[in-house]
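Chemist: All chains, please: the whole structure from these sequences, using the hints.
So the protein lines, in turn, are chains A and B.
Each residue of the first sequence is one higher than the one before, counting from 286 in the working numbering.
Each residue of the second sequence is one higher than the one before, counting from 286 in the working numbering.
Incorrect hints may appear among the rest.
Chain copies aren't distinguished; within one or between two, either way the pair holds.
Here are the simulated EDC-like cross-link-like pairs (lysine to aspartate or glutamate), alpha carbons at most 16 Å apart as the crow flies [claimed, not checked]:
hint: 1; residue 1: Lys627; residue 2: Glu543
hint: 2; residue 1: Lys367; residue 2: Asp425
hint: 3; residue 1: Lys332; residue 2: Glu345
hint: 4; residue 1: Lys452; residue 2: Glu483
hint: 5; residue 1: Lys332; residue 2: Glu449
hint: 6; residue 1: Lys367; residue 2: Glu329
hint: 7; residue 1: Lys502; residue 2: Glu597
hint: 8; residue 1: Lys367; residue 2: Asp569
Simulated from the structure, these hints should not be mistaken for lab results.
Given next are the chains, with one letter for each unit.
2 protein chains.
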Amino acid sequence: MSLKSSTQSSGPTPEHFFQSINAFQLTQALRGAIDLDVFTAIAEGNKTAKALAESRQASERGMRILCDCLAVTGFLTKAGGKYELTPDSAMFLDRRLPSYVGGAVEFLLSPTLMQAFEDVAAAVRKGGTVINNEGTTSPDNPVWVRFARAMQPIAFGMAKMLTELIKLDPGKKTKALDIAASHGMFGLAFARQYPNLEVVAVDWANVLEVGRENAEKVGVADRWRALPGSAFDVSFGVGYDLVLITNFLHHFDPSTNEKFMRKIHPALNEGGRAITLEFVPDEDRAEPPHAVTFALTMLVTTARGDAYTFAEYEKMFAAAGFSRSELIQTPMGIERVIVSYK
Amino acid sequence: MSLKSSTQSSGPTPEHFFQSINAFQLTQALRGAIDLDVFTAIAEGNKTAKALAESRQASERGMRILCDCLAVTGFLTKAGGKYELTPDSAMFLDRRLPSYVGGAVEFLLSPTLMQAFEDVAAAVRKGGTVINNEGTTSPDNPVWVRFARAMQPIAFGMAKMLTELIKLDPGKKTKALDIAASHGMFGLAFARQYPNLEVVAVDWANVLEVGRENAEKVGVADRWRALPGSAFDVSFGVGYDLVLITNFLHHFDPSTNEKFMRKIHPALNEGGRAITLEFVPDEDRAEPPHAVTFALTMLVTTARGDAYTFAEYEKMFAAAGFSRSELIQTPMGIERVIVSYK
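Modeler: Printed below as a string of structure tokens:
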């Protein structure tokens, strides 16, 4: 959502306003292209509006207008009436590749999320979601099953990155708790890397079915255990070396988070670590753009969630008994990692 | 809708995709700020989230999150917890000023337009709007009353620009035909400048009520005549020196436009001019961004509309009997002017 006017003329102009108020058109154009699978069609060799229209049972005129928009907005290049994929589109929008991220629209543009953004003013007045009392954090909310399936390819890359940053002793029998495990990608990435690791995955029962499928797919189902229910209520047991808290804490207020951290502290072994993957804005909440604007998603979809700064997380973990926390910048940029030591 | 990734890293990243697929959030954040009249509140001296929340009966937390988003997206600046307007926001988003353009959301984000964009893929398949057979060009469509009221302040500036480009003989009795007159701004700008000019305004009857109000407001009602009905059906009469065709031709296919041009040709005096104000992309449809992407709005809201190039317009006017057409770049940039001589 971070768009600044690329050209600043000398005097004030309403151009940035009009471009931004119409930004939803870009969302819809891109969704249309994903729906029609235009990027894959180009990768398959259909380069003109005519060829693309034929390959997708669409009108040539509609295809020309859509592809011109995609070219102007940086998703295609165009020369001599032929469209080509940009390097980004070739890698991430060709449905035949495992790096395809287009499926994320199923979650990001789900009716639940679109509806939550429909009246931002009402959410600002109230100070939280207006879709219901708890927003998307209500028990067994089906949006998280959608999330699990749609966000899996992106989580795969993030999880791989996490295993490169966070190391375990491969020779030792270890145990990890995967909070809000969803598709299971984070715990499973560690399980694949460490054959002596056992993973306990917590999430709503309907969501954990997706995680279970994936555990079987990657062949670690015997070391992956589902623990269904609310992470605030279920009993974790003890003996964990890692607690993975990925994209979870942003849904709640600081005191709820602190209570949760107090609950995981005794579940960790001495020297155990809580690993938080989050949108973490800088202390002045001016950078990075994605982390700052993510707070708005929390405002409109949850009762009290937020994008917390590192100082805020550090304070919560310290109050819950953790000895120290450190912030790690990730190579992927958008999210950051906080390691909190028991 | 023209957004390119501002930072290009070395390898491919899905960042531009995620930013663009979430672009609707920017639309909604900005609409929320307009709804809450945040920009006027800042102009009135409320600089902190707390002061803004109090002035707008909103939560401080919600106001902080919204204003941080507005700062990250270039609508505000932020320093030491205080928000300030940018020069653009101060000029165009302070509701107390005549230059305020925030009211445009009533048209640009009207249910009709938002709905038209909901299934871009379906419109690409069909080659035209899927909201009904004629989209927004159906007779007496109420969206045009909304348009007339919402877009008036923007049209005021455009109309002023047009009177600087197109001159009439002030000493002579002259007559102008204002096609799809809407709020009446274009014809009225000429009527104010030329006391010997009579204006005949064509639009749906419900829309012309807005034009009539404005004609009375600016004191030229005695020289402004409403001609209600479809511009394709009503009888224009003869003796016109100017025909103003502002934001009209993009709704129709070339043969319909040509037929319309054939209808206005005999209504013009010898030496008379048709003045077309339009989104006109360059011949390769790669620039300017607004003109290229405007074609998508026509695809999803009309049966056969488009953003035509100058060569396309030139051909239509020539086929209808006009001797020559010339393209004028306007200082405001977004729209262009075509002058076609009888």
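Chemist: Would you mind marking each hint as holding or not holding in the structure?
Modeler: Now the hints, each set against the structure:
no. : hint             : in the structure
1   : Lys627 to Glu543 : within (14 Å within a copy, 77 Å between copies)
2   : Lys367 to Asp425 : neither (47 Å within a copy, 40 Å between copies)
3   : Lys332 to Glu345 : within (12 Å within a copy, 51 Å between copies)
4   : Lys452 to Glu483 : within (15 Å within a copy, 82 Å between copies)
5   : Lys332 to Glu449 : neither (39 Å within a copy, 44 Å between copies)
6   : Lys367 to Glu329 : within (14 Å within a copy, 52 Å between copies)
7   : Lys502 to Glu597 : neither (38 Å within a copy, 56 Å between copies)
8   : Lys367 to Asp569 : between (46 Å within a copy, 11 Å between copies)
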